[in-house]
Amino acid sequence: MLPSGRYVGQRIPRWEDRRFVEGRGRYLDDLNLPDQVEVAFVRSPHAHAWIRRIEVEAARDHPEAVGVYTWEDLRGLLRPYWTMPRGPIRQARVTPLASGKVRWVGEPVAVVAARDRYVAEDLCELVTVEYEPLPAVVDALEAMQPDRPRLYEEWPDNVVSHQTFQAGDPEAQLADCTVVIHKRFRSNRVTAVPLEGRGILARWDPLEETLTVWIGHQDVHLVRAVLSEILGLPLSRIRVISPDVGGAFGIKLPIYPEEMVVCALALLLRRPVKWVQDRREGLLGDTHAREAVVDVEAGFDAEGKLRAMRVHIISDAGAYAVAGRGPTIEGSMLARELPGPYDLRHYAYTLDVVMTNKAPVAVYRGVAIPVSTFVMERVMDFAADALQLDPAEIRRRNLIRTFPYTTVTGHVYDAGQYLEGLEKLLELADYRRWRAEQVRLREQGRYLGIGICCLVDATARGGGFYGRLGLKAATQEGCILRIDPSGGVTAALGTTTQGQGLHTALAQLIADTLAVPLERVTVVMGDTATTPYGGGAWASRGAVAGGAVVLLAARRLREKVQHIAAHLLEAAPEDIELAEGHAFVRGAPSRRLSLEEIAHTAYFVAADLPRGMEPGLEVMVHWEPEIPATFAYAAQAMVVEVQPETGAVDILKYIVVEDCGPLINPGLVDGQLRGGILQGLGQALYEDLVYDPQGQLLTSTLMDYVLPGFCEAPEVEIHHLSTPSTRTVGGLRGMAESGTAGAPAVLANAVADALKPLEVEVTALPLSPVRVVELLMGKHGQTTGPSHTEGG
Amino acid sequence: MTGQLSIALRVNGQPRALEVEPRRLLADVLRRDLGLTGVHIGCEHGVCGACTVLLDGEVVRSCLMFAVQADGCEILTVEGLSVDEDLHPIQRAFVEEFGFQCGFCTPGMVLAAYRLLRETPHPSEQQIRRALAGNLCRCTGYTDILRSVQRAAALLAQQEANRAP
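Chains as they are written, first to last, in the numbering used here: chain L, 4 to 795; chain A, 52 to 216.
It is worth saying that the hints were derived from the structure and are not from the lab.
For each residue, glycine too, the CB sits at the ideal point set by N, CA and C.
Be aware that a few hints might be false.
[What the hints assert, rightly or not] Only pairs whose alpha carbons sit at most 25 Å apart, straight line, appear in this in silico SDA-like list of lysine to any residue:
id, chain 1, residue 1, chain 2, residue 2
1, L, Lys-656, A, Ser-175
2, L, Lys-656, A, Arg-198
3, L, Lys-656, A, Leu-197
4, L, Lys-656, A, Phe-117
5, L, Lys-104, L, Arg-153
6, L, Lys-656, L, Asp-578
7, L, Lys-427, L, Glu-396
8, L, Lys-759, L, Glu-430
9, L, Lys-104, L, Gln-169
10, L, Lys-656, A, Gln-177
11, L, Lys-104, L, Arg-118
12, L, Lys-308, L, Glu-156
13, L, Lys-308, L, Ala-395
14, L, Lys-656, L, Lys-308
15, L, Lys-656, A, Arg-61
16, L, Lys-308, L, Leu-392
17, L, Lys-427, L, Val-709
18, L, Lys-427, L, Lys-656
19, L, Lys-656, A, Glu-176
20, L, Lys-104, L, Glu-67
21, L, Lys-308, L, Arg-153
22, L, Lys-656, A, Glu-170
23, L, Lys-427, L, Leu-472
24, L, Lys-656, A, Leu-115
25, L, Lys-656, A, Gln-65
[To be verified] Which bits of chain A does chain L cover? Going by a derived footprint, with three or more residues having C-beta under 8 Å, they are:
id, stretch
26, 77–91
27, 103–115
28, 164–175
29, 203–215
[Stated by the list, open to error] Label pairs and their computed distance ranges (CB to CB):
id, chain 1, residue 1, chain 2, residue 2, range
30, A, Glu-211, L, Val-608, 35 to 41 Å
31, A, Glu-176, L, Val-442, 28 to 34 Å
32, L, Ser-239, A, Glu-211, 42 to 48 Å
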């Protein structure tokens with residue numbers, strides 16, 4: 004359980020906020036060092052080409068050039084790396100600057116260092132690269148065919164990973180089903196677009212013989228581990244600091260080629276080196292996400308019970324593997340998490356992760372869950388339609404009801420209220436009234452649609468999720484917690500924060516456990532020199548893993564404080580209570596000591612401590628969820644009206660019931676949900692990274708890649724269930740991604756429902772106005788097989 | 052690679068004389084030459100609004116202007132809003148209503164709100180959405196920003212009422 008006290012559960016404004024409203028945040032580009040140089044990259048204009056010649060002399064000889072470098076110049080400083088250390092995967096060698104061949108538009112080919120970015124960019128114009136273009140493979144379905152151009156010549160085709168799985172007997176079950184939904188679903192390629200792009204500043208300190216790296220990043224310990232390998236420097240000679248970060252959402256988890264090159268140049272030039280990306284570089288080269296084709300056969304019995312599923316997933320991984328994450332995470336998660344909150348015993352999947360001449364794919368908020376939820380929830384609606392069941396009813400019949408529940412792919416859902424969550428949603432959404440309203444409006448020729456979706460989000464990964472693949476991304480978290488001699492409390496954690504408000508949430512937990520005022524608590528994150536090893540910010544693990552370690556550490560410190568106070572006050576430890584920064588004897592509040600007095604004894608008069616007790620008031624805790632993930636649940640409902648003439652989708656009502664266990668700070672939780680939801684709606688309605696057949700990205704500005712703005716943001720009503728997890732400290736579950744995960748599904752279901760009288764099939768995202776109009780004109784129904792088959 | 056031009060600006064009330072290359076963006080000059088790093092650069096093509104400043108009282112994108120174009124102008128950045136230790140009521144409202152997460156869009160949002168509330172002290176929801184539509188936020192989903200601006204309007208009205216004799 005969470006501690007009870009003044010702070011936990013309260014909507015407390017973030018104490019880290021003042022500097023941000025005053026414009027005094029310290030983001031990467033706000034940092035500059037004396038004598039620094041700035042770099043710009045010469046990038047490939049071709050999606051696939053041999054490099055025949057690179058002419059750098061004109062740039063190198065320019066009086067304002069500090070240096071111009073290609074892979075040949077840096078190969079002694081940077082080691083190539085491989086796709087992924089372990090796992091069912093083909094290996095390819097990746098070099099931070101292109102060597103011999105380019106594989107995507109935007110790939111760094113050379114780097115120019117100069118006084119500032121203006122000059123560096125000028126000098127890039129003087130670098131001439133001669134290319135011999137090759138045919139590009141842009142579509143994953145095409146790229147996986149055996150006779151297509153190959154990105155990596157040593158491979159027989161472009162499939163980087165082929166995985167299969169079977170549980171039960173889906174084939175026999177499918178043959179026996181009343182209805183089999185047989186569809187092809189497509190999810191669009193999107194990217195996170197944090198408002199602050201990526202950037203890095205690296206400095207070699209010749210006195211300490213240490214490379215200090217400032218980088219806006221989600222996992223400083225991972226950066227250090229990867230740089231140590233790539234640069235061949237001992238871990239102890241690298242310090243990584245993440246300053247304030249202007250959003251990340253997953254794209255600041257890998258370590259990118261530019262970042263490796265900047266560090267190499269800092270070693271080479273013995274001067275601080277800085278690179279800050281521009282937005283075009285971000286859209287071209289930040290990791291992309293979500294592009295997948297999913298062929299589904301899902302069989303239901305006459306009662307609407309899901310009996311079996313067989314799927315083929317083709318995940319488009321782009322052109323290379325980013326260090327620290329690898330190319331298969333999306334595809335393999337999509338395959339494993341597809342059944343979501345529904346009971347399923349017969350399941351088989353084939354997964355093909357395919358390399359294409361596009362930007363690399365890795366993690367973006369929600370990772371595979373927005374796609375798996377979209378597919379699964381569309382399947383449920385197709386089945387409800389075929390069986391003439393209400394969409395709510397078919398979900399009632401399939402939601403998991405007894406816990407703990409072990410999924411067909413081996414996950415354990417520890418506890419949950421899936422059905423209760425759906426019923427609460429339907430009631431709050433006034434579901435029946437909207438159904439009646441829909442009938443009334445249809446008679447007037449208006450297209451009102453009601454969508455619902457249910458989902459399980461795999462949060463706070465545990466069990467060495469990445470470590471088993473040989474990656475140095477931790478699922479454990481570490482905390483050093485100290486009460487200092489002044490009675491102040493400082494927690495240092497291995498994780499990081501990029502705007503989630505984690506400082507405040509963790510301080511609330513600490514303040515209530517130690518019964519001190521919130522203002523006394525300081526939380527330190529994002530610096531490898533001052534924080535213990537931890538896993539960084541991903542998979543909504545900040546509050547779960549970070550919360551666990553601060554709770555465990557604070558409980559241990561509390562106990563020590565009680566023992567010292569008991570000894571000094573000549574009472575029993577169990578009679579010592581803590582309140583308002585003091586320890587006192589229960590029933591005798593005048594027999595009391597301040598935390599400062601206790602700390603004074605612990606640090607400066609250790610001889611007065613109980614016999615055998617270690618001096619000081621400092622503990623270190625490491626904790627890892629012992630299970631693969633901590634599962635959160637959400638149910639969402641949406642009412643839309645679609646304008647068939649323009650394809651516009653108006654959201655009339657949006658309501659969410661979500662279960663992340665107990666809430667530390669509802670203001671922070673709701674903010675995460677709302678922000679996540681709008682990112683999900685961005686994918687559902689607007690955002691689409693479009694490549695032409697030659698592999699040119701057609702959406703490389705924010706004019707083409709449209710983010711939802713103020714006028715597009717719906718009012719979202721949020722309600723909470725609080726089912727404590729039986730597997731985490733304090734019962735916490737992650738919550739930062741369920742909004743993103745549900746939004747595309749609930750919107751697609753609502754739009755499909757609205758357009759039902761027009762007999763169109765919604766199987767692809769996004770549902771932008773132009774796509775909706777195309778759908779209505781019959782141009783866009785990319786399905787295979789019959790819409791459903793009547794069987795035995 | 053080019054010569055320098057002399058310009059004179061009034062920034063957050065202070066006169067500033069500068070020598071700048073004609074091609075340097077106003078955003079870069081404010082950030083690098085004047086140290087006003089509350090001016091954030093998010094897209095460099097005028098879409099995101101993170102670099103918003105007020106130029107002679109009007110909202111402009113400092114990434115779309117050369118500094119020389121601002122010669123003779125009065126510029127307000129977010130750093131010019133708070134007086135001494137006190138946050139401006141708009142800044143206070145953003146803190147109290149969770150009006151941001153990562154903080155990167157915040158200076159632009161606060162300035163766009165400042166411009167709105169100067170002439171429309173009691174804006175409707177629609178007016179707030181439209182006035183801030185040129186500023187992107189990727190974190191909040193905008194709802195808490197809307198509430199922040201509504202609260203700011205209330206705080207300013209209260210301040211006005213307290214000031215009245």
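Going down the list of hints, with the structure as the test:
| no. | hint | verdict |
| --- | --- | --- |
| 1 | L:Lys-656 to A:Ser-175 | 20 Å, holds |
| 2 | L:Lys-656 to A:Arg-198 | 19 Å, holds |
| 3 | L:Lys-656 to A:Leu-197 | 18 Å, holds |
| 4 | L:Lys-656 to A:Phe-117 | 44 Å, violated |
| 5 | L:Lys-104 to L:Arg-153 | 12 Å, holds |
| 6 | L:Lys-656 to L:Asp-578 | 53 Å, violated |
| 7 | L:Lys-427 to L:Glu-396 | 14 Å, holds |
| 8 | L:Lys-759 to L:Glu-430 | 24 Å, holds |
| 9 | L:Lys-104 to L:Gln-169 | 39 Å, violated |
| 10 | L:Lys-656 to A:Gln-177 | 17 Å, holds |
| 11 | L:Lys-104 to L:Arg-118 | 30 Å, violated |
| 12 | L:Lys-308 to L:Glu-156 | 47 Å, violated |
| 13 | L:Lys-308 to L:Ala-395 | 13 Å, holds |
| 14 | L:Lys-656 to L:Lys-308 | 29 Å, violated |
| 15 | L:Lys-656 to A:Arg-61 | 47 Å, violated |
| 16 | L:Lys-308 to L:Leu-392 | 11 Å, holds |
| 17 | L:Lys-427 to L:Val-709 | 34 Å, violated |
| 18 | L:Lys-427 to L:Lys-656 | 16 Å, holds |
| 19 | L:Lys-656 to A:Glu-176 | 17 Å, holds |
| 20 | L:Lys-104 to L:Glu-67 | 29 Å, violated |
| 21 | L:Lys-308 to L:Arg-153 | 43 Å, violated |
| 22 | L:Lys-656 to A:Glu-170 | 32 Å, violated |
| 23 | L:Lys-427 to L:Leu-472 | 40 Å, violated |
| 24 | L:Lys-656 to A:Leu-115 | 38 Å, violated |
| 25 | L:Lys-656 to A:Gln-65 | 49 Å, violated |
| 26 | 77–91 | holds (count 7) |
| 27 | 103–115 | violated (count 0) |
| 28 | 164–175 | violated (count 0) |
| 29 | 203–215 | violated (count 0) |
| 30 | A:Glu-211 to L:Val-608: 35 to 41 Å | 57 Å, violated |
| 31 | A:Glu-176 to L:Val-442: 28 to 34 Å | 31 Å, holds |
| 32 | L:Ser-239 to A:Glu-211: 42 to 48 Å | 59 Å, violated |
Comparing the model with each earlier hint shows violations of hints 4, 6, 9, 11, 12, 14, 15, 17, 20, 21, 22, 23, 24, 25, 27, 28, 29, 30 and 32; every other hint is respected.
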